[in-house]
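Number of protein chains: 2
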Amino acid sequence: MKQSLYLEDLHVGQKFTSGTTLVTEEAIKEFAGKYDPQPFHLDDDAAKSTLFGGLAASGWHTAAITMHLNVSSGPPLAGGIVGGGGEIHWPTPTRPGDILRVEGEVKEITPSRSKPDRGMIVMRMETKNQNDEVRQMIVMKLIVPRRPAATA
Amino acid sequence: MKQSLYLEDLHVGQKFTSGTTLVTEEAIKEFAGKYDPQPFHLDDDAAKSTLFGGLAASGWHTAAITMHLNVSSGPPLAGGIVGGGGEIHWPTPTRPGDILRVEGEVKEITPSRSKPDRGMIVMRMETKNQNDEVRQMIVMKLIVPRRPAATA
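Protein chains in written order, with my numbering: chain A, 2 to 153; chain B, 2 to 153.
Keep in mind that a hint or two might mislead.
One copy or two, either will do: identical chains are not told apart, so a pair holds if it fits within one copy or between any two.
[Stated by the list, open to error] Under the rule of at most 20 angstroms between Cα atoms (straight-line distance), these lysine to any residue pairs were calculated in the SDA-like manner:
id, residue 1, residue 2
1, Lys142, His90
2, Lys16, Glu104
3, Lys116, Leu43
4, Lys108, Met121
5, Lys129, Asp118
6, Lys35, Thr111
7, Lys35, Ser74
8, Lys116, Pro97
9, Lys129, Pro149
10, Lys129, Gln4
11, Lys116, Asn132
12, Lys108, Glu88
13, Lys116, Gln4
It should be emphasised that the hints constitute simulated quantities derived from the structure, not laboratory data.
All figures in this text were calculated on a predicted structure; none of them were measured in a lab.
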């Protein structure tokens, strides 16, 4: 069983690092075919003449991979990883052969004023490859439950 | 052939509306199984006891569907839909049976100072269902090529 972290268990500056996942050319093309069918995400030759200069994953694929890493091996938040939104940037595109991990840090913790059973945290999460190139940076608002009184 | 819009063809306030797509329970579970395997995205019964109150699509699924709508029937930008990042919010989750469309508006147009062949635009895009419920709002920076001199 994973440990479950409630709002009370978190502090600003707390860091988490996920496991890793290899991004294959096949996975890039499969995601793109379903959700972002543009030449630079589907065909290496076609991608060479674009500003990507070669096959590049959809930014939304990088986002989806990041979510999977967070769910499977990121911060074990009680109630799961529930985001209301955030700011996302892709400084460089994910490439075939990238081995990605997520490094997260708690930046803010705010108990809800109207809902005593929860709070909101802000996490900054960087998705990096094996050479520490940043493929995605996201500052994300997450809803985290407070520890129920009976078990406090 | 789709018309291709260069930076010079765009103006602030210009609007685009995509086609529509139906989001099925199967599609929600398939995306979640691959990228966001949490109970409230995978199982209607398990979702009932969570803050979602029933099966809800991953926000990243809504984002991916939005991208697909933009690529297939959104603004026909020359060079494709190439985003560097943006701000994303999910005011309500996508539900099974939602028929989604994207309504976009150009908010800013900025020619690049360093690269004379392109510029950056900011688009605000709302993803709505058949009842005009907003499932996603994104303010996105996109790179758009300028019209090549020879064809100006």
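Consistency of the hints with the structure:
no. : hint            : verdict
1   : Lys142 x His90  : both (15 angstroms within a copy, 10 angstroms between copies)
2   : Lys16 x Glu104  : within (7 angstroms within a copy, 38 angstroms between copies)
3   : Lys116 x Leu43  : neither (45 angstroms within a copy, 26 angstroms between copies)
4   : Lys108 x Met121 : within (11 angstroms within a copy, 30 angstroms between copies)
5   : Lys129 x Asp118 : neither (34 angstroms within a copy, 30 angstroms between copies)
6   : Lys35 x Thr111  : neither (37 angstroms within a copy, 31 angstroms between copies)
7   : Lys35 x Ser74   : between (26 angstroms within a copy, 15 angstroms between copies)
8   : Lys116 x Pro97  : neither (44 angstroms within a copy, 27 angstroms between copies)
9   : Lys129 x Pro149 : neither (35 angstroms within a copy, 35 angstroms between copies)
10  : Lys129 x Gln4   : neither (25 angstroms within a copy, 37 angstroms between copies)
11  : Lys116 x Asn132 : neither (43 angstroms within a copy, 28 angstroms between copies)
12  : Lys108 x Glu88  : both (14 angstroms within a copy, 17 angstroms between copies)
13  : Lys116 x Gln4   : neither (24 angstroms within a copy, 50 angstroms between copies)
When held up to the earlier numbered hints, the structure conflicts with 3, 5, 6, 8, 9, 10, 11, 13 and fits the remainder.
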